[in-house]
Amino acid sequence: MSYESPIRDQLVTGGKTYRDVTREITRPLESAPSKGWWFGFSLSTIVLIIWIYATGYSMVVGLGAWGLNKTVGWAFDITNFVFWVGIGHAGTLISAVLLLFRQKWRMSINRSAEAMTIFAVICAASFILSHMGRPWVAYWPIPLPNAFGTLWVNFNSPLVWDVFAISTYFSVSLVFWYIGLIPDIATVRDRATTAGRKFWYSFFAMGWTGSARTWHRYEVISLILAGISTPLVLSVHSIVSMDFATSLVPGWHTTIFPPYFVAGAIFSGFGMVLTLLIIAREVMNYKDYITEEHLDAMAKIILVTGTMVGMAYITEFFVAAYSGVEYEQYAFLNRAFGPYWWAYWTMMSCNLIAPQVFWFRKLRTNPTFLFIMSIIVNIGMWFERFVIIVTSLHRDFLPSSWAMYAPSIVEVSILIGSFGLFFFLFFLFIKFLPSINMAEVKSIIPTHAHADHGHSHASHAHEVIEKGAVHGN
Amino acid sequence: MENKNQYWKGLEELNNDPKFLESKKHEFAEGIPLDEVFNESDGELNANRRDFLKYFGFSISAVALAACNKAPIKNAIPYIVKPENITPGIPNFYASTCNACSANCSILVKTREGRPIKIEGNADSPIFKGATCGAGQASLLGLYDNERLRGPKSKGADTTWEKIDSEVPAALASAKSIALVTSTINSPSTKKAIAEFTAKYPQTKHIRYEAFSQGAISSATKEAFGIEVVPGYRFDLAKVIVSFGADFLGTWISPAEYTKQWSKTRTAENKNMSRHIQIESTLSITGSNADVRYPIKPSAEAAYIISLYNKIAVLAGAPALGSLPPVELAINGIENAAKELWAAKGSSLVVSSSNLLGVQLVIHAINQLLGNIGTTVDLVNYSNQHYSDDLAFRQLVQDLTSGSVDGVVFYNVNPVYSYPEGTKLAEAIKKAKVSISSNSNLDETSENCQYLTPDSHFLESWNDSEPKAGYYTFTQPTISPVFNTRQMQESMMHWAGNSNNFYDYMLANWSGKLSGDNWTKALHDGFYQETLTAAQPKMTGSAAGIESLAYELYTNNKSKIELKLYAKVGVGDGSNAHNPWLQELPDPISKVTWDNYACISNATAKELGVKDGDKINISFKEGKLEALPVLVQPGQANNVIAVAVGYGRTNGGKSGLNVGINAYPASLLINGTHFYGQMDVKVEKAAGSYELAQTQTHHTIQGRALIKEASQNEYSHDTKAGNHDHHKAIKDSGNLITLWSERDTKGHRWTMAVDLNKCTGCGSCVVSCNAENNVPVVGRQEVLNRREMHWIRIDRYYRFRNKDNNNITREEEYNLESTGVDFENVSVTHQPLMCQQCGHAPCETVCPVLATVHSSEGLNHMAYNRCVGTRYCANNCPYKVRRFNWFKYRDNSQFDFNFNNDLGRMVINPDVTVRSRGVMEKCSFCVQRIQAGKLKAKLENRIIQDGDIKTACQQSCPADAIIFGDINDEKSEVRKYFQNDRAYFLLEEYNVQPSVAYMTKVRNVDELLNAPDAHGGKKHEAPKAGKEVEHHS
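Protein chains in written order, with the numbering used here: chain A, 1 to 473; chain B, 1 to 1033.
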């Protein structure tokens, strides 16, 4: 049900009709790929090959191929893992939380954001796998019944919680995303002209008819899944943060971590959504669907969450000073003024200082500026995890074991390669699936536009749209 | 009646139906239709489709199942006839004698299924008392050295012993003059064999040669007392020890024995703890353990020794040596040393590593003045552990060059490498009519010799030794020779025309003293001791003569940069350079592995404009040492560059190749003895940089309460001195809280105590642990990557003082460079760190798969098979003792050490898993030994006695610094240590409940090491919490 406020701006601009929506959003699926797509896809495939090679190499040779050592047992691997899990959070926040809060502006961006979530979690999971000394037994942390008697997992270990958190997150996100895709897949199926397309889209549309009953069930399941997903926004990164918070490493052992990590995750996630959508609205010409208002809203969220993580950084310092624990105090001094000071100050400037520019609306709505900022935010958030992991580990309790860490070429390749994996999946997604939720967007285009462009808003203020009628053209 | 319980299967059986009887014979009611399946005539399958699928399915699954076994097939062939005394799985111990150096410590060799796998000290030995050093522990690996010569060679070609025995005597007979060059020989039977050889070839001259010579000591003893011996030093009887550069805890004469003696006097509870003053040029491990240490230039040493003599002479009322003005150390060091020595006369000891005859004479005279002859300097129970005829050897090089000596036999010496003019010697050897080398590897000397008659490893040999007068220790073979080698004694006998084997020869030699059961007992015990009752000789020779030279050196050399050569613990004089265990053993002081380097003091480095990682060229009159990496070494005397010998080997085993630079060419010959150094060198910065592989790169405790120490003064008033935070703030406050439920503490509770007072940092435990626990060698690059695998490490921390000789504060410790501390003046503490076996282990809670779990006996177990390799445990270990298998370290040419060849792998302890790639490992408290001890007690139907179970590190520790046992055993020694007021735990405020207690280090100094208000519970350096943040932010 849609209520059109007389004073609010249109969520979709350009006076689109239902037909326009369908045609414009299915165009990339039905026409030959553009040069831009080919370029992006080829580039990400090449980077993906780097990822496959580097990951494979470290699995064959051993983790000695990385720069880790006896003191620093995690570095790029877990930094990248937390980074990618964090990226995913915005997708869930947009699709689930904003659905529950009935924020309609989410409708044109939630599909891509959810896809981003899924691909980011795949990237994150790849780091769980590759950071293991023996990845071929990666299933052991899963509590599977086995023939070894009492052999079981350690439910005290945050890594086991991680296994649950990440697998739950991935499966719920995947189901939510797929359910949301079904009406649109049905639209594509109905427009299909070749047998192959018809077959595959029919298969994935699962016999969608568009009847009132299916729509009803669709709505209900969407709400239920949103309900399930919403706590995940908070729980997944809380649990990831417990990998650190429950340890006794100075700099990790901090109760502030769960909220701080969730804020950071949303911060970085929106950064990534911005990066993707700014590209998409340029390349796919979706400017009417992803408007400056969307960018403005996301920039506001970045401002809020960036300030939150900034406050957490400062709080950590206060707590270290206040605690009287010399190891804790040293860990934080070492972060800011030790050999990795540059990483710390990169983090501080990217995450706390840079987003403060978003107090100005002019900058919040400037796509070019936003694009640069979104990259800065993601660099900052990557460094946040690097700072937490490496600078805490490299100088902990006994000075005799203090060591430095520097990544090997293999680790750098895996980090870069993971972007290849991500964008490879993303390019496939925008080619084969509608990257904007047509069904939902149709519910928010101005209803008068369908009949008559000249009518004033006020006269249609109470018009109700039957969504059941809107699929197809 | 019999058929009472008979049931019939049916009427057919009751009726004995013939058809039924027939079918009863078959196992299956219906026959197996094999005929239907296989067609006999054409061999084809007759199966129908369903049968085919059945067979197909079976075959596929059978093949799949068979393929599941990935392990390569290796045949383990059992004994057909079980040899006596060998029970698979049960080790046998043989008493023997270590031959890694000429100290000849008595050892026990552990063999499993006929393979020697571990060397332990022989605790019954009255001299060595179970002490072993790292080099001795590692000599086991020499047996399994894949690059040993595999048989005799003649002029580069393989040959047989028969041919050798026919060719060599003829060649020897034709030589007009023969030199037999051996290392120190203290074996009576070997001496007899040599005598037989020289009798057969009377033109033979026997020359004793040691690479790192201390020959001046025995020469001086000869001049002063008339006997050419090294005195039997008794550090255990010495209340005051003054050592001029003698690294008697590390490398000097018989370090394991001396460490045992020295540690006896370092019991803090004993009010008469010895006072140890070290005056040296570069920081040795002996200096690092001294109570007081003065850095001096090598050239000044003689002047200081003479001054010490003169100061004592004043106290003794004896005439002074010469009339030159006295020289004095900072804060009247010499004067005070003289007073202290005099106060303890008769139980004091002065030693020096100087290889100048005159200096050693003064040392003898000092000990004579102090009345130490017969007590701490025993000339009846003297030592046979070091002889070197430096002058004779120099003569030999000249004679070989001139051709007047045309036959040379090298018996386990490698002078082409270690003699300053090695290349000249190599040319000379080539000129000789006959040249023979018995060295085990094709080393620098052997490659120039015609005949190579490789000696067997000492673990394959019979021998006897007399390291101390009247103390005989026997060597018995623990394995039959791995290669076609022969004991050199036997070779010499054969060439002398005696075709006996050496065992019978030795037996016959002993028949006068020991025979029958006595002989068997001596072999079983490993030693035989005679009581010597001769009177101590009096010093007759004069010590005068060196004063003016000494003073001249002292005054003229003040501003010159000098070079000092020293031997490192482990690699030593270079004969062990190809032993990867020793190369990877971190230097106890610098913590550098796989290299030698130029140690330079901070001030001198600044003057020269060099820093860590730079390279320098050191040039002197005779030549130069090129491209040596710089190590700025605290405690190093200013204007002295110290370089270790023993590196830069060019042949003889790949592990020692391309490692470091050979520093021997920088040694001098002064008055016929080797002087290991140069008085005036020019230093220039060379191009390039070089990173040394150190296992520790931060050297201070940053003011943290990791090392606790007190002065003897403080400790005598307060046994809790220095340890108040443990007693007040932690132990008694009850403030420690935990989330976990307390563990059951019944049954055994294995714990360990480490006495920081005794630990010298020598590294014997590290090598012992490597051997016991199959710890892989990873090589220089991986040590640089900070991935050494050692399960036990020795953390070495420096404590600095400022220029006013006060301890520096923590703030200053953070910023040493700008504080202006005195880098020459340093206090050192060695802290061994193994897994602390925490009661509430942080590693256990974080492992996702329960691969590391707590045992009911207080141990923290590691199940390698279960480990998935997340490394979370290592991150969460506050002690950083966990080691990850970054690579596969066996069968991997990237790690071409002993795990990469079949022979080298024979050293593997079968009781300990060889870990695979990707799993975590760590110290297990030698759980295999605990298990063996428990089983033994069970078999003997008794409870375990304290001392039944010894961990490898404990057993090998020559200082008895490691005590292991069951704390629930009320009589156990470890319990006493835990109840000692000195005991504290590392990071105990974290309440991880470690099972390893450290004992506060008590230094025998008067100054206060803890501020008087330390009774409040805070350590002196620690400022109030928060203050530090203020200071830095």
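Keep in mind that the hints are not guaranteed to be accurate.
[What the hints assert, rightly or not] DEER-style ranges, computed between Cβ atoms:
#, chain 1, residue 1, chain 2, residue 2, range
1, A, Pro145, B, Tyr79, 39 to 45 angstroms
2, B, Gln781, A, Gly196, 52 to 58 angstroms
3, A, Phe164, B, Gly609, 57 to 63 angstroms
4, A, Leu129, B, Gly947, 21 to 27 angstroms
5, A, Trp341, B, Ala66, 55 to 61 angstroms
6, B, Lys54, A, Ser211, 48 to 54 angstroms
7, B, Phe58, A, Arg217, 27 to 33 angstroms
[What the hints assert, rightly or not] Sample of chain A residues at the chain B side, in silico, Cβ under 10 angstroms:
#, residue
8, Ala32
9, Gly36
10, Ser247
[As the list claims (entries may be wrong)] Far from chain A by the CB rule (all over 12 angstroms, computed), these chain B residues:
#, residue
11, Ala544
12, Gly545
13, Thr719
14, Met906
FYI, nobody ran anything at the bench for these hints, they're computed from the structure.
All C-beta atoms, glycine included, are put in the ideal place defined by N, C-alpha and C.
With 52 to 58 angstroms as the target window, see if glutamine 781 of chain B and glycine 196 of chain A comply at their CB atoms.
Taking Cβ atoms as reference, glutamine 781 of chain B and glycine 196 of chain A lie about 55 angstroms apart, which means the hint holds.
Hey, does the alanine 32 of chain A contact hint survive, CB to chain B under 10 angstroms?
Status violated, d = 46 angstroms.
Okay, leucine 129 of chain A versus glycine 947 of chain B on CB: inside 21 to 27 angstroms?
49 angstroms, violated
Should the interface hint for serine 247 of chain A be scored as holding, given a Cβ-Cβ cut-off of 10 angstroms against chain B?
5 angstroms, holds
Range agreement (Cβ of tyrosine 79 of chain B with Cβ of proline 145 of chain A, hint 39 to 45 angstroms):
Holds - the Cβ-Cβ distance for proline 145 of chain A and tyrosine 79 of chain B, about 43 angstroms, lies within 39 to 45 angstroms.
Is the Cβ of glycine 545 of chain B more than 12 angstroms away from each Cβ in chain A?
48 angstroms, holds
Does 27 to 33 angstroms hold as the CB distance between phenylalanine 58 of chain B and arginine 217 of chain A, or does it fail?
About 49 angstroms separates the Cβ atoms of phenylalanine 58 of chain B and arginine 217 of chain A, which means 27 to 33 angstroms is violated.
Pairwise beta carbon distance, lysine 54 of chain B to serine 211 of chain A, judged against the given window 48 to 54 angstroms:
50 angstroms, holds
If we take the beta carbon of alanine 544 of chain B, is the closest beta carbon in chain A still more than 12 angstroms away?
About 49 angstroms separates alanine 544 of chain B from the closest Cβ of chain A, which puts it past 12 angstroms; holds.
Hey, does threonine 719 of chain B actually stay past 12 angstroms from chain A on C-beta?
Its Cβ never comes within 12 angstroms of chain A, the nearest being 26 angstroms, so this holds.
Hint says 55 to 61 angstroms; check whether the CB-CB distance for tryptophan 341 of chain A and alanine 66 of chain B agrees.
About 59 angstroms separates the Cβ atoms of tryptophan 341 of chain A and alanine 66 of chain B, which means 55 to 61 angstroms holds.
Verify this label for me: methionine 906 of chain B is non-interface relative to chain A, using a Cβ-Cβ cutoff of 12 angstroms.
25 angstroms, holds
Hints 4, 7, 8 and 9 from the earlier list are contradicted by this structure; the remaining hints agree with it.
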